[in-house]
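There are 2 protein chains.
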Amino acid sequence: MSDRQSFERLDAEDSLASVRDLFVVPDKVIYLDGNSLGALPRATPERVRALIEDEWGVSLIRSWNAHGWIQYPRKLGDKIASLVGARPGEVVAADSTSVNLFKLLAAALKLRPGRNVIVSEKENFPTDLYIAQGLTEMLGTHELRMVTRDELIESIDDDVAVVSLTHVDFRTGELHDMRELTRRAHESGALILWDLSHSAGALPVDLEDAQADFAVGCGYKYLNGGPGAPAYLYAAERHHDAMQPPLSGWMGHVAPFAFDTDYRPAPGIERQLCGTPSVMAMAALEVGLDILLDVDMDVVRKKSQRMGDAFIELVGEQCAGLGLSIACPTDSAARGSQVSFSHEAGYSIMQALVARGVIGDFRAPDVLRFGLTPLYLRHVDIWDAVAILKDVLVTESYLRPEFQKRQLVT
Amino acid sequence: MSDRQSFERLDAEDSLASVRDLFVVPDKVIYLDGNSLGALPRATPERVRALIEDEWGVSLIRSWNAHGWIQYPRKLGDKIASLVGARPGEVVAADSTSVNLFKLLAAALKLRPGRNVIVSEKENFPTDLYIAQGLTEMLGTHELRMVTRDELIESIDDDVAVVSLTHVDFRTGELHDMRELTRRAHESGALILWDLSHSAGALPVDLEDAQADFAVGCGYKYLNGGPGAPAYLYAAERHHDAMQPPLSGWMGHVAPFAFDTDYRPAPGIERQLCGTPSVMAMAALEVGLDILLDVDMDVVRKKSQRMGDAFIELVGEQCAGLGLSIACPTDSAARGSQVSFSHEAGYSIMQALVARGVIGDFRAPDVLRFGLTPLYLRHVDIWDAVAILKDVLVTESYLRPEFQKRQLVT
Numbered sequence: 001m002s003d004r005q006s007f008e009r010l011d012a013e014d015s016l017a018s019v020r021d022l023f024v025v026p027d028k029v030i031y032l033d034g035n036s037l038g039a040l041p042r043a044t045p046e047r048v049r050a051l052i053e054d055e056w057g058v059s060l061i062r063s064w065n066a067h068g069w070i071q072y073p074r075k076l077g078d079k080i081a082s083l084v085g086a087r088p089g090e091v092v093a094a095d096s097t098s099v100n101l102f103k104l105l106a107a108a109l110k111l112r113p114g115r116n117v118i119v120s121e122k123e124n125f126p127t128d129l130y131i132a133q134g135l136t137e138m139l140g141t142h143e144l145r146m147v148t149r150d151e152l153i154e155s156i157d158d159d160v161a162v163v164s165l166t167h168v169d170f171r172t173g174e175l176h177d178m179r180e181l182t183r184r185a186h187e188s189g190a191l192i193l194w195d196l197s198h199s200a201g202a203l204p205v206d207l208e209d210a211q212a213d214f215a216v217g218c219g220y221k222y223l224n225g226g227p228g229a230p231a232y233l234y235a236a237e238r239h240h241d242a243m244q245p246p247l248s249g250w251m252g253h254v255a256p257f258a259f260d261t262d263y264r265p266a267p268g269i270e271r272q273l274c275g276t277p278s279v280m281a282m283a284a285l286e287v288g289l290d291i292l293l294d295v296d297m298d299v300v301r302k303k304s305q306r307m308g309d310a311f312i313e314l315v316g317e318q319c320a321g322l323g324l325s326i327a328c329p330t331d332s333a334a335r336g337s338q339v340s341f342s343h344e345a346g347y348s349i350m351q352a353l354v355a356r357g358v359i360g361d362f363r364a365p366d367v368l369r370f371g372l373t374p375l376y377l378r379h380v381d382i383w384d385a386v387a388i389l390k391d392v393l394v395t396e397s398y399l400r401p402e403f404q405k406r407q408l409v410t
Numbered sequence: 001m002s003d004r005q006s007f008e009r010l011d012a013e014d015s016l017a018s019v020r021d022l023f024v025v026p027d028k029v030i031y032l033d034g035n036s037l038g039a040l041p042r043a044t045p046e047r048v049r050a051l052i053e054d055e056w057g058v059s060l061i062r063s064w065n066a067h068g069w070i071q072y073p074r075k076l077g078d079k080i081a082s083l084v085g086a087r088p089g090e091v092v093a094a095d096s097t098s099v100n101l102f103k104l105l106a107a108a109l110k111l112r113p114g115r116n117v118i119v120s121e122k123e124n125f126p127t128d129l130y131i132a133q134g135l136t137e138m139l140g141t142h143e144l145r146m147v148t149r150d151e152l153i154e155s156i157d158d159d160v161a162v163v164s165l166t167h168v169d170f171r172t173g174e175l176h177d178m179r180e181l182t183r184r185a186h187e188s189g190a191l192i193l194w195d196l197s198h199s200a201g202a203l204p205v206d207l208e209d210a211q212a213d214f215a216v217g218c219g220y221k222y223l224n225g226g227p228g229a230p231a232y233l234y235a236a237e238r239h240h241d242a243m244q245p246p247l248s249g250w251m252g253h254v255a256p257f258a259f260d261t262d263y264r265p266a267p268g269i270e271r272q273l274c275g276t277p278s279v280m281a282m283a284a285l286e287v288g289l290d291i292l293l294d295v296d297m298d299v300v301r302k303k304s305q306r307m308g309d310a311f312i313e314l315v316g317e318q319c320a321g322l323g324l325s326i327a328c329p330t331d332s333a334a335r336g337s338q339v340s341f342s343h344e345a346g347y348s349i350m351q352a353l354v355a356r357g358v359i360g361d362f363r364a365p366d367v368l369r370f371g372l373t374p375l376y377l378r379h380v381d382i383w384d385a386v387a388i389l390k391d392v393l394v395t396e397s398y399l400r401p402e403f404q405k406r407q408l409v410t
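Sequences listed follow chains A and B, in order.
Counting from 1, one number per residue, gives the positions in the first sequence under my numbering.
Counting from 1, one number per residue, gives the positions in the second sequence under my numbering.
There could be a bad hint or two in this list.
Just so you know, same-sequence chains aren't split out, so a pair can sit in one copy or run between any two.
Claimed, not checked - SDA-like cross-link-like pairs, simulated, lysine to any residue; straight-line CA separation at most 20 Å: (1) Lys122 x Arg171; (2) Lys110 x Ala266; (3) Lys390 x Asp296; (4) Lys110 x Glu154; (5) Lys110 x Thr136; (6) Lys75 x Trp64; (7) Lys28 x Gln244; (8) Lys122 x Asp309; (9) Lys390 x Asp331; (10) Lys390 x Asp157; (11) Lys75 x Gln244; (12) Lys122 x Arg264; (13) Lys122 x Ala50; (14) Lys302 x Asp331.
No wet-lab data here; the hints were simulated from the structure.
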């Protein structure tokens, strides 16, 4: 695979090639950060314009019914459900990932009285840990047990109420075995919550098959919903009736417009709603979701794996001896839709790459992270990105040892 | 004042008349529901288009810095601060009103250990009650004491940690004396939280003068931020350092991009942030705020009071004997920016009004509510609205007693 032509051939044969045309991809940019903020779907500006001008501007308050605004959380939830192996009525789009984590962790603790531990990984995405810390701090009766990946299984003992994990590690891209870990949690009588922010829309997810209890995820990465898009949450139907929403806002009330004095939770997943969601943000998210619902997630996954393997192979060929270490699994089956490398001057290297139009991101302390988004990336983008990476490593003067030291101090 | 010409004269002399041109006001509509969803500012579509196409579409992830996205919560917070008598750094735009209520109530309880009661009014906006109910339910150590307006002062005893009130009653428009109630709460050693959803942007608010501890409010009513706009929260600076955020998400971390394992709250108001906000929604809210920052809130208040007085007076003249009872204070100094009337066929009457282009709203059990938004309402709108209301009351056959009964059953 080590010439550009072979990558062009892969693009010519790519059944997803035309999907790229549904996105705005700026000239002179190779965008390897769709796992931080997905690209703009071409249909989004017109959809949001119509929402603003033709719905809000004309129908005003009547739009909640006339234009179905009130249905958005559930309607988008059902669309997301089909991407993550959930059933209609098990997912809602709402709030942020962090807020949704809080709702589900708090509910999970109530479902397991007598157990006072939340288990999570030290390497989990920080907000997942922070939210658990805030919750346990607030309650004063529970603790967060943070363990390494290796200690995970043995840490799930009889004290554990809920295990909270991210499916794909945000730094290394390492993929957890959702089915096996869910089984181990259940075996110990614990519940499990999966953060799908780095997997939904990037690879097939099957929550029902895994028998997962809860999940959350974000709308602005692989779902291409726009900056700060609504997040989502999943709760398996078997838990719905017993779940007490700690954030019991009016949108989760059985009859929000009855203006009752007492909170009575809506049946089903709707009780997980809290306040009024941004309708603009919902409309934009729907455009991103509709693109995903039209593609085959197995095809997306295969292209992602192929691109990741090629990236790693090319770096091995082109950048040998230039100080990069691989920081993700080489086996594509164990890897999410990203590749990662570490380098002690990682921050500076990423700055240089971005200046040359190769946009990945840096994750402290030393990780260069490149997200792979098969919907709008071409195989030649991988070739070109690695060529530029090599060029940066070879030519940038600040990579000389004496300059590195200065960089690391600042 | 009882001819249309006198209302036209008021409009001709109105220094706010030109502000109406900054809004889209649909033809054949008299919009008296800006207290549910504010009208669309003319500048909003272009601002949101630019955000989507020129920022997200072109700069992608780099926009967080390049286009100042990361500053939105604080930047808009400072703008809101100037509308509610707070200082820069005491307000952030974030999440929904409900979520912000939860954050502040939970923090307030921690600030008053040994006190286990939240006091609120039975007639408070339901989500304010529901959130307090969910919080106390979750903690299991505190209770919500719901009292009538008359019982309020005597209910604030030594057990009370925090008093949670809405400044303007959502049904009746009745205005609380913020300064006096804050004083009474403090006298008992309690904290106080004000929901400004129905006051900020409609009348002058001075949180600092009142010595208020906390406040929340919504962006989509008088602030004209669009459906589900970001809400905001205020905390007096004196409390910042001691506040523990229960929703401790990464946006409230002292260094979100350090990806630390442990939550360390940001200094100041930023620790009240949780997850990633919708940037589109923030951009739209800013357009609404900028209009408000350009007008004199005392002038807005005076016009609102004049419109409300005229509405009540006209209803008295035109609709006498047609079954309406006044359901708001007649003294405009005691009233927010709305008028309310009750009628046992209120729901049907509002349906008929809406069908004729007079958009107010109905609030169970029997309240017809008309919001007054001086930025885009004319005095003649009040005249015309009451004329149509009279016509509905006189001519609609379903207002006959035998039909009313059928309506009330369905």
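Cross-check of the supplied hints:
{"no.": "1", "hint": "Lys122 x Arg171", "result": "within (12 Å within a copy, 49 Å between copies)"}
{"no.": "2", "hint": "Lys110 x Ala266", "result": "within (18 Å within a copy, 29 Å between copies)"}
{"no.": "3", "hint": "Lys390 x Asp296", "result": "neither (34 Å within a copy, 59 Å between copies)"}
{"no.": "4", "hint": "Lys110 x Glu154", "result": "neither (23 Å within a copy, 35 Å between copies)"}
{"no.": "5", "hint": "Lys110 x Thr136", "result": "both (13 Å within a copy, 13 Å between copies)"}
{"no.": "6", "hint": "Lys75 x Trp64", "result": "within (14 Å within a copy, 29 Å between copies)"}
{"no.": "7", "hint": "Lys28 x Gln244", "result": "neither (50 Å within a copy, 45 Å between copies)"}
{"no.": "8", "hint": "Lys122 x Asp309", "result": "neither (27 Å within a copy, 62 Å between copies)"}
{"no.": "9", "hint": "Lys390 x Asp331", "result": "neither (23 Å within a copy, 75 Å between copies)"}
{"no.": "10", "hint": "Lys390 x Asp157", "result": "neither (47 Å within a copy, 71 Å between copies)"}
{"no.": "11", "hint": "Lys75 x Gln244", "result": "neither (22 Å within a copy, 35 Å between copies)"}
{"no.": "12", "hint": "Lys122 x Arg264", "result": "between (37 Å within a copy, 16 Å between copies)"}
{"no.": "13", "hint": "Lys122 x Ala50", "result": "neither (44 Å within a copy, 40 Å between copies)"}
{"no.": "14", "hint": "Lys302 x Asp331", "result": "within (13 Å within a copy, 70 Å between copies)"}
This entry does not satisfy hints 3, 4, 7, 8, 9, 10, 11 and 13, going by the numbered hints stated previously.
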